[in-house]
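Participant: Listed below, chain by chain, are the residues.
There are 2 protein chains.
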Amino acid sequence: MTTYNFNPGPSPLPKEVLDHVQKNMFNFEQSGMGLMELSHRSALYEQVHNQTISDLKDILRVPDDFSILLLQGGASLQFSMIALNFLGDDQKAAYVMTGSWSEKAKKEADFYGETYVLATTKENQYKSIPDVPLQDIQNNTAYLHFTSNNTIFGTQIRSFPDADVPVIVDMSSDILSKPVDWNTVDLAYAGAQKNAGMSGVTVVIIRNSLLEKASDKVSPSLSYKQHAKSNSLYNTPPTAAIYMTGLVCDWIKQNGAIEGMTERASHKAGLLYDEIDGSDGFYTGHAETEARSFMNVTFNLPTEELEKKFLAQAKEKGFVGLNGHRSVGGCRASIYNAVPVSHVEALVSFMKAFRSDNQ
Amino acid sequence: MTTYNFNPGPSPLPKEVLDHVQKNMFNFEQSGMGLMELSHRSALYEQVHNQTISDLKDILRVPDDFSILLLQGGASLQFSMIALNFLGDDQKAAYVMTGSWSEKAKKEADFYGETYVLATTKENQYKSIPDVPLQDIQNNTAYLHFTSNNTIFGTQIRSFPDADVPVIVDMSSDILSKPVDWNTVDLAYAGAQKNAGMSGVTVVIIRNSLLEKASDKVSPSLSYKQHAKSNSLYNTPPTAAIYMTGLVCDWIKQNGAIEGMTERASHKAGLLYDEIDGSDGFYTGHAETEARSFMNVTFNLPTEELEKKFLAQAKEKGFVGLNGHRSVGGCRASIYNAVPVSHVEALVSFMKAFRSDNQ
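Protein chains in written order, with our numbering: chain E, 50 to 408; chain X, 50 to 408.
The hints are simulated quantities; they were obtained by calculation from the structure and are not laboratory data. Be aware that one or more of the hints could be misleading.
[Claimed, not checked] Not close to chain E: a few residues of chain X, all C-beta gaps over 12 Å, as computed:
no.	residue
1	Met-50
2	Phe-115
3	Met-130
4	Ala-132
5	Lys-141
6	Ser-248
7	Asn-257
8	Ala-306
9	Thr-311
10	Thr-352
11	Phe-399
12	Phe-403
[Claimed, not checked] Taking lysine to aspartate or glutamate and the EDC-like style, the derived pairs with C-alpha atoms no more than 16 Å apart in a straight line are:
no.	chain 1	residue 1	chain 2	residue 2
13	X	Lys-266	E	Asp-159
14	E	Lys-156	X	Asp-265
15	X	Lys-153	X	Glu-163
16	E	Lys-262	E	Asp-114
17	E	Lys-266	X	Asp-68
18	X	Lys-266	E	Glu-163
19	X	Lys-72	E	Asp-230
20	X	Lys-64	X	Asp-299
21	X	Lys-278	X	Asp-114
22	X	Lys-156	E	Asp-265
23	E	Lys-266	X	Asp-104
24	E	Lys-72	X	Asp-265
In this text, all values refer to a predicted model and were calculated from it rather than measured experimentally. Here a beta-carbon is modelled for each residue, glycine too, at the ideal position from N, C-alpha and C.
Using the sequences and the hints, build the whole thing.
Facilitator: Shown next as structure tokens:
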């Protein structure tokens with residue numbers, strides 16, 4: 050039976066990437082050693098490390114005045130590192146709240162400085178993206194933070210606000226799925242396990258003029274300056290996870306680069322939203338139409354009982370990961386870059402059949 | 050040509066582990082998904098996670114009043130987390146200095162509180178392990194920190210001091226190579242990439258009574274309490290690295306458990322030290338005899354020219370990673386658990402032949 054993996058992260062990797070890893074990781078470049086057995090100071094590993102950084106730069110068209118770091122600890126550690134590095138004693142940080150991840154980002158920052166909510170759609174169950182009132186940004190605001198895609202609620206920010214303060218974006222769940230306008234972003238970060246590889250490495254892309262403002266009172270392992278100075282080799286990096294990110298970059302380049310990924314995402318999301326919108330109210334999307342995510346499609350059925358039945362039958366047919374997040378319930382299909390179009394088509398067919406049997 | 054991998058870390062993994070990974074990781078438990086494609090909230094992954102913790106507990110005979118955490122960021126992040134969690138404003142932390150890693154540990158802690166050097170052998174080029182003057186531990190000392198094995202200088206602490214303050218030990222380079230007397234240790238930590246798997250996961254073993262003392266002023270991603278409460282699933286863990294650690298535990302169990310590893314380490318180290326000691330002064334160990342490490346054997350040749358020649362010829366014959374650390378030079382053979390006895394025998398044969406040609 051085919052397994053259709055719609056996990057919210059960790060999530061599918063391209064089949065070509067897994068095949069390559071299986072064939073090549075264990076005798077890397079005919080060295081007689083596995084990739085993970087190489088010293089991180091060896092020329093063989095350094096080539097992987099630097100090529101991954103260079104590929105990320107190419108695919109995302111990152112300008113030359115940015116640095117790309119490959120760190121550990123997930124996006125969650127970034128929540129703290131951002132405040133530790135950029136939120137001074139006499140400053141505040143502005144947070145745009147679009148879901149659980151925004152809340153967690155702010156909560157971690159609260160330990161290290163003063164923050165405030167600039168805009169939120171919490172009262173609306175995070176079904177939409179708030180307008181960002183740039184005029185309300187307070188004096189001495191060190192940065193403006195937001196989450197570009199909200200895995201749990203299935204919403205996504207279409208265009209980023211062009212603020213006068215440094216803009217920091219958690220792109221964990223939609224990095225590498227669409228171009229970034231770097232004029233509007235000063236620091237972007239993303240855990241790799243959705244669109245950029247496997248868990249264990251976090252991509253951080255930072256404008257050098259912001260990097261220079263990072264605090265000198267932060268210890269080396271938590272300091273962006275230190276990691277940038279050491280090209281992310283201050284201490285032993287997660288070499289296998291970085292290798293995997295590099296292979297995912299290769300795959301993206303071979304599949305239409307960033308525009309190819311955007312087209313693919315838009316096509317897959319369209320298939321699902323068309324079924325939802327054409328279901329005569331049987332399926333209802335959680336997110337408001339204009340805020341819909343191209344990465345996580347969240348929806349409900351008429352009753353909780355039908356949702357349970359839907360999820361149980363889907364599971365029997367090989368669909369994995371369709372349960373909504375435990376905090377909100379319902380159903381969710383995560384359709385990151387590596388999810389094949391054919392798997393989304395299979396899901397739509399199943400949704401149609403289930404609807405026809407139960408509507 | 051056989052590759053003899055003596056890398057200081059990342060370093061060799063058991064062949065059986067790599068074979069198993071190659072056969073099983075990419076369709077894990079017949080799920081149709083790779084291990085790294087599983088949600089960290091799935092039953093399949095949770096089994097791996099909990100079994101790894103349970104195996105570490107068994108092998109190291111960790112008492113029930115300890116918690117085992119699987120974190121990210123390497124030992125370097127622990128250097129900071131220890132101070133952030135345990136070094137209060139009105140307290141000090143005592144550091145025993147036995148090499149570069151002790152220095153780095155103290156340097157990171159200095160950012161977050163007051164520390165002092167309780168003992169050091171720096172003036173002796175870290176060739177020996179200092180006596181630890183327990184009577185000199187100052188009032189209000191939050192903890193005593195030391196490094197159990199020093200990869201760069203090739204020294205190892207044979208028995209741990211039994212201090213009245215919490216004792217914290219960096220075991221990155223000798224964990225799982227010998228039993229631990231948990232009466233003398235309150236927190237042990239180790240990056241996995243030497244004896245416990247691949248880079249990207251850090252094992253932390255902490256006495257619950259110490260855990261309770263951890264600061265509540267630390268953000269969740271840096272809080273031992275939070276990670277313990279969440280069973281190291283506060284955020285997405287490095288699932289593939291944890292899987293690898295679990296497989297290394299299996300391999301240890303199948304190879305004589307902890308006593309098997311101790312015997313193996315002692316035998317391999319003995320082969321090398323015997324050649325050094327029997328070389329009539331051609332090879333000289335860096336470490337003083339009683340401080341010699343069973344994990345990293347550091348040695349010099351009569352001249353730098355001969356060292357260069359030795360390293361060049363060794364490289365030609367397939368020996369990898371024998372250069373001493375860039376900060377001290379000379380030669381170093383890292384002989385962690387997974388290095389086969391036959392590889393050490395091959396190195397000794399080469400050393401004998403080289404000596405006979407050049408003495």
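Participant: Against each hint, give a clear statement of whether it holds in the structure.
Facilitator: Quick rundown of the hints versus the structure:
1. Met-50: 7 Å, violated
2. Phe-115: Holds: least Cβ distance 23 Å, greater than 12 Å.
3. Met-130: It is violated; Met-130 of chain X is separated from chain E by about 9 Å at its closest Cβ, not greater than 12 Å.
4. Ala-132: 8 Å, violated
5. Lys-141: 17 Å, holds
6. Ser-248: 5 Å, violated
7. Asn-257: 23 Å, holds
8. Ala-306: Given a closest Cβ separation of 23 Å, the condition holds.
9. Thr-311: 23 Å, holds
10. Thr-352: 25 Å, holds
11. Phe-399: Per Cβ check, Phe-399 of chain X is outside 12 Å of chain E; nearest 16 Å; holds.
12. Phe-403: 21 Å, holds
13. X:Lys-266 to E:Asp-159: 10 Å, holds
14. E:Lys-156 to X:Asp-265: With a Cα-Cα distance of about 13 Å, the restraint between Lys-156 of chain E and Asp-265 of chain X holds, given a limit of 16 Å.
15. X:Lys-153 to X:Glu-163: 15 Å, holds
16. E:Lys-262 to E:Asp-114: OK: Lys-262 of chain E and Asp-114 of chain E at ~14 Å, within 16 Å.
17. E:Lys-266 to X:Asp-68: Distance of about 45 Å is beyond 16 Å: violated.
18. X:Lys-266 to E:Glu-163: Between Lys-266 of chain X and Glu-163 of chain E the Cα gap is close to 14 Å, so the pair holds against 16 Å.
19. X:Lys-72 to E:Asp-230: 42 Å, violated
20. X:Lys-64 to X:Asp-299: 13 Å, holds
21. X:Lys-278 to X:Asp-114: 14 Å, holds
22. X:Lys-156 to E:Asp-265: 13 Å, holds
23. E:Lys-266 to X:Asp-104: It is violated: about 39 Å lies between the C-alpha atoms, which goes past 16 Å.
24. E:Lys-72 to X:Asp-265: Outside the cut-off at roughly 47 Å; violated.
In this structure, the earlier hints numbered 1, 3, 4, 6, 17, 19, 23 and 24 are contradicted, and the remaining ones agree with it.
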